[in-house]
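Order-wise, the sequence lines are chains A and B. When the letters of the first sequence are read in order and numbered with our numbering, they come out as residues 1 to 401. When the letters of the second sequence are read in order and numbered with our numbering, they come out as residues 1001 to 1359.
What the hints contain is simulated information worked out from the structure, not anything from laboratory work. Check the hints yourself; a few may be wrong.
What the hints assert, rightly or not - When the alpha-carbon atoms are kept at most 27 Å apart in a straight line, the in silico DSS-like pairs for lysine-lysine are as follows:
1. A:K230 to A:K295
2. B:K1051 to A:K295
3. A:K289 to B:K1312
4. B:K1025 to A:K295
5. A:K295 to B:K1030
6. B:K1105 to A:K29
7. A:K230 to B:K1077
8. B:K1279 to A:K202
9. A:K289 to B:K1105
10. A:K17 to B:K1066
11. B:K1032 to A:K295
12. A:K202 to B:K1276
13. A:K230 to B:K1276
14. B:K1077 to B:K1066
15. A:K51 to B:K1276
16. B:K1032 to B:K1051
17. B:K1077 to B:K1105
18. A:K25 to B:K1077
19. A:K25 to B:K1106
Read off the chains here:
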Amino acid sequence: MAVDEKVNTPLLDELEKGPWPSFVKEIKKAQSVGPMATDLLGQLELSYEDKIGHWKHGGIVGVLGYGGGVIGRYSDVPDKFPHVAHFHTLRVNMPSGWFYSTEALRTLCDIWDRHGSGLTNMHGSTGDIIFLGTRTEELEPCFAELTQAGFDLGGSGSCVRTPSACVGPARCEWACYDTLKMCYEITMAYQDELHRPPFPYKFKFKFSGCPNDCVASIARADLSVIGTWKDEIQQDDEAVRQYAAEGLDIQRDVVERCPTRCMSWDGEKLTIENRECVRCMHCINVMPKALSPGKERGATLLIGAKAPIVQGALLSSVLIPFVPEDELLETIKELTDRVWDFWDEYGMNRERVGELIQRVGMANFLDAIGLDPTPEMITAPRDNPYIFFREEEGEEEESEA
Amino acid sequence: MAEKPKRITDIGPPHYQKFLPPIIKENYGKWKYHERLGPGVMVHVSEAGAKCYTVRCGSPRLLSTKTIRFLAELADKYCGGYLRFTSRNNVEFLMDSPDNIEALKKDLADAGFPVGGTNNAISNIVHTQGWVHCHSSATDASGIVKCVMDALYERFTHEDLPAKLRIALACCLNMCGAVHCSDIAILGVHRRPPRILHESLRKVCEIPTLIASCPTGAIRPKTIDGQQTVEVVEEQCMYCGNCYTVCPAMPLNDPENDGLSIWVGGKVSNARSEPKFSKLAIPYLPNNPPRWPEVVQAVTKIVEVYAANARKYERMGEWIERIGWPRFFELTGIEFTRYHIDDFKHAGLTYHRSAHIRM
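Extracted from the complex, chain A is given alone in its bound form (with noise of 0.2 Å):
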């Protein structure tokens, strides 16, 4: 393919100084694949003359069948640079942990510098692999390039967003159950609320193996799934001594780092009131080879984390403080479905789960989905009197609302 690379862009050219590596590089190499990176170099240089983006809005493409998984992109200066007249882009599912084979990120590599720009995202922000930026009529023929090559999109629009899921057991002895499987089944098991939005706004999971959270499920997932133990931290006193001779205070670093000062040390011995321990990670994080979580593991599942759009960023909070590994899929199963239901009824368009919670009351929203409210829900009980009681309270009757 003939490759016009004569294109000046003396301010991106700024972008390839210093010692982080270049993105501005990464177009450049790109250049040989085809002629789209050549135009998005020109047209990026005109965005850093101009200070805005040069995207028109949206534009809705996809594969056949599918509701999502193509985010449309069109540039709004497609006489100056016709190569990015369309840039589309496909999210690519990612495997769980982001573990490839080169085999595997090869034969990506081949489809996507046959069908696309040969720029990619690895990975987007929601996990998946990004191929960025490719033509209308290119998207049917590389989507058929992928899955026979075993990969299938990913998710966008009002959908089941890609779940996502730390390393897990996979190279992490702090996994309390296996995010890796647990992210596999619920993608798998819901294959068409990924591909066909049906929901009034995106919904997404997310999968950490302990309380460090690393795919940050507590912030931007719907349903996080957070690892978690019930029984005691496991403790080597040989280890925790090997430490302090190493040069650790374990006073100052551990036992004072601790949020509940369950923990003390004499010296010889750490001691930890595990009945107090709020399971936090820190004094694990500090002495991995002397503490680890407990055998008894499974999760703590919490629901309704956001960004602001639309009535402001929220957390997730707790909605079952802790569900054994073996009881784990089924579980979320059975309340994502809950869940939804209640989300189909009653939810507004562009409205999260947690922004629905926030509208009707977490009181309302336990009752819809059959959940006995337990006081590891709430940081505190109310401190205002204004409670709804209920006429039929002690009764069969439901009140509805």
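Take the given structure of chain A and dock chain B to it, following the hints.
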């Protein structure tokens, strides 16, 4: 004519087990502990005594297929043909022996990939698309990330901060990423109400949906020349851009007024203190490509003040909570303004409701 292959759909991602290297597969779920071996290098040890050595390097996230092929070559050379990416766009090479660590590090260094991002270092910045691919961005993303990481490079390749430090960038309030719970968040902001393109609005937007989209009720129906359209009560607009998302005829992008804001003290981890949102530090910095010196300077300053003052294991937000916000503004030299005082839904919760004041 050859028969067309059957169309395949709904197969989901490939099963992850296909992509696990032998050292991972054999010790799956059996890891006992790990140790740091230096910035970007760690070893995980299994119950059976097997060891998995990890070398982590930063990447610009926006990768050409050429670079992916290069990374694959390294994984073939040193890691038996497997690699992984992290949740913050780093690349991890996994090995069952330490023999090749130095050779791999050298190959990465020669190719310009920094090794680091572990423990008490700044990890890679998670970020959005910006002018490379987004229609609603108030700024570029990759460019600012590049400039900030150039300035903080040594903080990625060294583990010498009081605790880990997570920076994220989103190019508008949609925040495609966990920007709102980062130690430092760089957020693109619009500062003027949307322009209303009345002509196209009639053709491309559903007016009731558009009116309902506004979280402050600032959009009202209006008739102009007998045609239905909308008006914006400008003093009620907080430039969230939700109207633009549902209606292309309400663009907010504005080269003169768009810019960056800086937020600090958020975290997602439960370690020690509970997860928390990032709070506003600087309401507005100008959009100044190609090197965004104002943003780079502001972020660098906050990092340096934090590094010099926080105690060991204190994340940015934990440090600020200990010393108090007045001291944070004093130490960083950042001006405190009316914009720092919340006036949205839960505003009252951030008013200081006590007489606990450091004089």
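#### Entry: Hint check, failures only
7, 15
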